[in-house]
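Read off the chains here:
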Amino acid sequence: MDTHDSGVARPVLEGPDIARVLTRIAHEIVERAKGAEDVVLLGIPTRGVFLAQRLAAKLEEIVDAVGGSGRKIPAGGPGRKIPVGSLDITMYRDDLRMHPPRALARTDIPSEGIDGRLVVLVDDVLFSGRTIRAALDALNDIGRPRAVQLAVLVDRGHRELPIRADYVGKNLPTSLRETVKVQLAEEDGRDAVLLGAKPTAPAGER
Amino acid sequence: MMRHLISAADLTRDDAVLILDTAEEMARVADRPIKKLPALRGRTVCNLFFEDSTRTRISFEAAEKRLSADVINFAAKGSSVSKGESLKDTAQTLEAMGVDAVVIRHSASGAPYRLATSGWIDAPVINAGDGTHQHPTQALLDAFTMRRRLTGPDAGLGQGLDGKRITLVGDVLHSRVARSNVDLLHTLGAEVTLVAPPTLIPVGVETWPCEVSYDLDSTLPKSDAVMMLRVQRERMNAAFFPTEREYSRRYGLDGDRMARMPGHAIVMHPGPMVRGMEITAEVADSDRCTVIEQVANGVSIRMAVLYLLLGGNEPAVTHTRPTASEEK
Amino acid sequence: MSKILIRGAQVLGGEPQDVLIDGSEIAGVGQGLSAEGADVVEADGKILLPGLVDLHTHLREPGREDSETVLTGTRAAASGGYTSVFAMANTFPVADTAGVVEQVYRLGKESGYCDVQPIGAVTVGLEGRKLAELGAMHESAAGVTVFSDDGKCVDDAVIMRRALEYVKAFGGVVAQHAQEPRLTEGAQMNEGVVSAELGLGGWPAVAEESIIARDVLLAEHVGSRVHICHLSTAGSVEIVRWAKSRGIDVTAEVTPHHLLLTDELVRSYNPVYKVNPPLRTERDVMALREALADGTIDIVATDHAPHPHEDKDCEWAAAAMGMVGLETALSVVQHTMVDTGLLTWEGVAERMSWAPARIGRAAGHGRPVSAGEPANLTLLDPAYRGSVDPAGFASRSRNTPYEGRELPGRVTHTWLRGRATLVDGKLQ
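Residue numbers (full-length UniProt numbering), protein chains in the order written: chain Z, 1 to 206; chain C, 1 to 328; chain E, 1 to 428.
I should point out that these hints are in silico values taken from the structure, not numbers from a laboratory. One thing to keep in mind: the hints can contain errors.
20 Å max Cα-Cα, derived EDC-like pairs, lysine to aspartate or glutamate [unchecked claim]:
#	chain 1	residue 1	chain 2	residue 2
1	C	Lys36	Z	Asp115
2	C	Lys35	Z	Asp137
3	C	Lys65	Z	Asp141
4	C	Lys36	Z	Asp108
5	C	Lys36	Z	Asp95
6	E	Lys244	E	Glu220
7	C	Lys35	C	Asp15
8	C	Lys36	Z	Glu14
9	C	Lys35	C	Asp10
10	C	Lys222	C	Asp254
11	C	Lys65	Z	Asp137
12	C	Lys65	C	Asp31
13	C	Lys35	Z	Asp141
14	C	Lys35	C	Glu293
15	C	Lys35	Z	Glu186
16	C	Lys35	Z	Asp115
17	C	Lys36	Z	Asp94
18	E	Lys109	E	Glu139
19	Z	Lys81	Z	Asp108
20	C	Lys36	Z	Glu160
21	C	Lys35	Z	Glu178
22	C	Lys222	C	Asp162
With beta-carbon atoms standing in for the labels, derived distance ranges [claimed, not checked]:
#	chain 1	residue 1	chain 2	residue 2	range
23	C	Ala96	E	Leu217	54 to 64 Å
24	Z	Arg106	C	Ala238	30 to 40 Å
25	E	Arg405	C	Tyr214	39 to 49 Å
26	C	Asn237	Z	Asp94	50 to 60 Å
27	C	Asp52	E	Glu406	39 to 49 Å
28	Z	Pro173	C	Asn313	27 to 37 Å
29	C	Gly119	Z	Arg10	50 to 60 Å
30	C	Tyr214	E	Glu238	28 to 38 Å
31	C	Ala96	E	Val158	55 to 65 Å
32	E	Arg405	C	Asp89	23 to 33 Å
33	Z	Pro199	C	Thr54	52 to 62 Å
34	C	Gly276	E	Gly295	32 to 42 Å
Glycine included, every Cβ here is placed at the ideal spot set by N, Cα and C.
Starting from the given sequences, assemble the full structure and let the hints guide the process.
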């Protein structure tokens with residue numbers, strides 16, 4: 001995720017767009033997971049956690065509605081909660097030794113655990129893929145899911161590892177000179193995805 | 001935060017809160033099936049213990065192993081190796097072996113400081129207790145225990161111990177735990193009171209950021225936490241107090257005294273306890289006594305300290321540097 | 001011996017004068033002395049003092065030649081402007097017999113850099129129980145007049161009383177290392193604010209003051225003179241001041257380091273600051289300076305205490321106590337006493353040459369700078385500024401607390417009975 005504010009950032013997704021793509025992703029999850037009954041959503045801090053919570057809410061709406069229409073009723077019946085948690089990947093990063101230690105974020109695994117379940121990792125931007133690799137390592141120390149899938153709001157390309165997303169809100173072809181910044185109301189006070197130009201880093205900052 | 005952890009007095013409030021917050025995340029690892037994190041993989045940490053302390057040593061060792069560090073234990077007991085040449089020679093040996101950090105326990109006050117500043121070794125030094133000087137990780141785990149009990153594990157995140165009234169009772173003169181706690185608790189905003197017979201309060205205490213009282217009974221009702229310090233029976237022979245019986249009558253914590261503490265107040269002890277001396281079995285075994293929690297919290301705190309000192313390419317700094325990385 | 005003309009030196013800090021040395025004596029002091037047949041030492045802007053006398057030096061020989069020998073110690077003394085040093089008795093074996101003091105005396109004679117006057121132990125083996133053969137040491141070739149168990153206190157009041165009385169028979173003096181042993185068990189540094197923080201065993205001022213109070217009263221009672229080594233506290237000053245006001249025959253010394261350094265330095269846990277008695281507080285330092293200025297404290301003595309590197313390159317508790325001082329003493333005194341206006345150069349001559357020679361009965365030393373006197377002289381450049389570099393020390397040991405510190409003044413020449421031991425800062 002970009003941490004630079006870019007002076008000339010241009011919104012590529014606005015609030016309603018984000019709501020719409022999250023709804024679509026939720027439907028895709030239900031479809032692919034055949035009802036989402038064993039889905040556990042794990043957001044990657046910080047913004048992935050908020051996206052996971054929003055997705056969970058949408059999934060609950062969908063399964064309730066589906067249940068009401070007389071089709072297959074998921075286990076737990078109407079109103080059941082979709083387990084959602086967070087997965088901090090800080091200590092699993094492959095560049096841990098290249099920076100001062102960072103403050104840790106919360107890893108919060110739902111009480112149901114992840115063994116035998118379908119874990120959907122949720123993040124805001126998919127870029128090099130290194131974060132997701134770290135997340136897979138972190139998952140490995142927590143349990144053994146039936147399967148792991150990945151949902152991202154934006155895929156901006158430039159993968160450095162053989163990793164792909166199962167659910168993508170928006171494919172956004174970018175150049176490496178551009179920045180992608182996701183803003184969410186919970187953290188930033190508004191919902192938006194901003195595309196900007198990378199500021200020239202002052203000497204010594206890197 | 002500095003490169004080394006020598007004294008609780010060296011920690012800023014931000015440093016201390018960061019350690020406590022990090023420890024809170026570390027504590028959650030203890031609930032997982034695999035109690036292991038990769039943060040220190042490939043790093044070698046030496047536990048250099050010139051003084052017997054199985055409890056502190058295994059606490060550090062557990063913390064190091066949970067962070068995937070390679071651990072070397074070096075126990076140098078007895079007077080023949082407590083000579084200065086030995087510390088220097090040992091340090092240089094460890095340096096030559098490529099040790100990435102040294103956790104040192106020593107009976108001589110200042111030995112960790114000397115190790116960190118003498119040029120004998122380049123690795124970061126973590127003080128696991130030196131003489132009657134400092135025991136910073138003990139103070140951190142005590143503060144962590146207080147914050148969890150008095151504020152709450154999650155509610156406490158980002159918080160200090162502002163306004164909390166902490167009473168330390170016992171042999172302050174010979175206690176590194178007391179010195180470290182006074183420094184750290186003051187930094188975190190707590191109000192500290194030391195209670196002891198005048199013989200066990202050091203000359204020069206007047207500059208410490210705390211109150212001093214000789215009367216336990218009047219202090220107890222105004223305490224959110226009461227920490228009992230170990231009193232060694234040998235002190236009696238050096239005339240610090242007349243008898244064990246008189247000491248425990250005037251400064252020991254028993255059930256009656258505990259009843260005078262506020263309902264929410266906790267009883268702490270850095271261990272090992274001398275039951276019947278500074279604390280009765282009734283108090284030690286009550287659910288208001290956090291001594292077992294302190295042990296568990298010690299591992300979390302030491303994990304946090306090790307991670308923050310050794311996890312990156314340099315120690316965590318007080319001021320967050322702007323990161324230039326593209327991805328989180 | 002040849003003639004030497006010291007031209008234009010400020011004798012005792014006064015107006016520039018010429019001083020002519022002929023052989024081992026001063027031949028003349030005055031304006032415009034003839035340089036005919038003499039080597040000339042231009043001394044413009046320099047101060048000429050009587051050769052310094054140190055009543056408290058540890059030369060370590062016999063027994064600890066790894067830290068200092070009589071030869072290296074006297075070379076250090078000459079470098080610092082000294083022409084006479086009193087060698088403390090805590091050697092191995094202890095200088096508690098005529099044999100040991102004669103050995104040290106003979107080694108001093110052979111060195112040729114500085115007269116060495118051995119100090120005899122008060123008690124056998126410095127153990128404080130049985131008087132050493134004080135009379136035999138006095139009658140020996142070494143002619144011992146000063147007796148001390150320095151490093152240890154003569155803490156038994158009866159032994160101290162007897163020693164004070166006994167040495168009266170031959171004009172001796174007991175120099176007391178005032179340290180109440182029970183109050184200083186496990187003591188590592190001055191007891192106070194800093195020791196409380198550092199967790200180092202406290203060395204209370206009262207441990208020194210109680211012994212001094214006792215000993216001045218004993219000296220008064222038996223009508224003896226007593227000398228107090230290395231005063232370090234404001235309270236000790238008050239006691240000595242009171243004793244002198246009562247007419248008690250007490251003299252006292254202060255070390256250069258106690259005139260400059262405080263226990264704040266111990267925060268570094270660097271054992272180079274570990275010394276006995278310990279560094280005290282700023283208040284004590286100021287009281288000691290004032291007492292030295294007003295004469296309550298009679299002399300400056302170095303307590304030059306060499307230790308090998310390994311005895312200081314360790315943790316505080318394991319380190320040896322003591323500092324070298326011969327080569328920096330005059331600079332520290334200039335810095336703390338002269339440059340502060342507390343003492344004139346004549347006052348320095350009194351406290352570093354005349355008075356210590358009087359107390360120790362050092363014949364031929366501590367004399368006026370005038371014709372007919374032995375040519376024991378020290379020339380220093382007070383305008384010199386430089387930082388202390390232990391690598392340049394003549395002492396075998398380097399345990400100075402002043403490494404890298406800028407100190408004023410530098411001894412350029414020292415003459416021992418007319419023979420130059422130091423010329424332009426170089427040992428001869």
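For each hint, the structure was consulted:
1. C/Lys36 - Z/Asp115: This hinted pair holds, its Cα atoms lying about 18 Å apart.
2. C/Lys35 - Z/Asp137: holds, 14 Å
3. C/Lys65 - Z/Asp141: holds, 14 Å
4. C/Lys36 - Z/Asp108: Holds, at about 16 Å.
5. C/Lys36 - Z/Asp95: holds, 19 Å
6. E/Lys244 - E/Glu220: Holds, at about 10 Å.
7. C/Lys35 - C/Asp15: violated, 25 Å
8. C/Lys36 - Z/Glu14: violated, 41 Å
9. C/Lys35 - C/Asp10: violated, 31 Å
10. C/Lys222 - C/Asp254: Measuring from Cα to Cα gives roughly 17 Å; hence the hint holds.
11. C/Lys65 - Z/Asp137: holds, 18 Å
12. C/Lys65 - C/Asp31: holds, 16 Å
13. C/Lys35 - Z/Asp141: holds, 8 Å
14. C/Lys35 - C/Glu293: holds, 18 Å
15. C/Lys35 - Z/Glu186: Not satisfied, since the Cα-Cα distance of roughly 31 Å exceeds 20 Å.
16. C/Lys35 - Z/Asp115: Holds. C/Lys35 to Z/Asp115 sits at ~16 Å (cutoff 20 Å).
17. C/Lys36 - Z/Asp94: holds, 17 Å
18. E/Lys109 - E/Glu139: holds, 18 Å
19. Z/Lys81 - Z/Asp108: holds, 16 Å
20. C/Lys36 - Z/Glu160: violated, 27 Å
21. C/Lys35 - Z/Glu178: The given pair, whose Cα atoms are some 40 Å apart, is violated under the 20 Å limit.
22. C/Lys222 - C/Asp162: Distance of about 15 Å is within 20 Å: holds.
23. C/Ala96 - E/Leu217: 54 to 64 Å: holds, 59 Å
24. Z/Arg106 - C/Ala238: 30 to 40 Å: Once the Cβ atoms are compared, 50 Å apart, the range 30 to 40 Å for C/Ala238 and Z/Arg106 is violated.
25. E/Arg405 - C/Tyr214: 39 to 49 Å: For C/Tyr214 against E/Arg405, whose Cβ atoms are near 43 Å apart, the range 39 to 49 Å holds.
26. C/Asn237 - Z/Asp94: 50 to 60 Å: For C/Asn237 and Z/Asp94 the Cβ distance comes to about 59 Å; the hint holds.
27. C/Asp52 - E/Glu406: 39 to 49 Å: The hinted range 39 to 49 Å holds for C/Asp52 and E/Glu406, with Cβ atoms some 46 Å apart.
28. Z/Pro173 - C/Asn313: 27 to 37 Å: Once the Cβ atoms are compared, 33 Å apart, the range 27 to 37 Å for C/Asn313 and Z/Pro173 holds.
29. C/Gly119 - Z/Arg10: 50 to 60 Å: The hint (50 to 60 Å, Cβ to Cβ) holds, given that C/Gly119 and Z/Arg10 are roughly 55 Å apart.
30. C/Tyr214 - E/Glu238: 28 to 38 Å: holds, 30 Å
31. C/Ala96 - E/Val158: 55 to 65 Å: holds, 56 Å
32. E/Arg405 - C/Asp89: 23 to 33 Å: holds, 30 Å
33. Z/Pro199 - C/Thr54: 52 to 62 Å: Because 54 Å falls inside the window, the suggested range holds.
34. C/Gly276 - E/Gly295: 32 to 42 Å: violated, 60 Å
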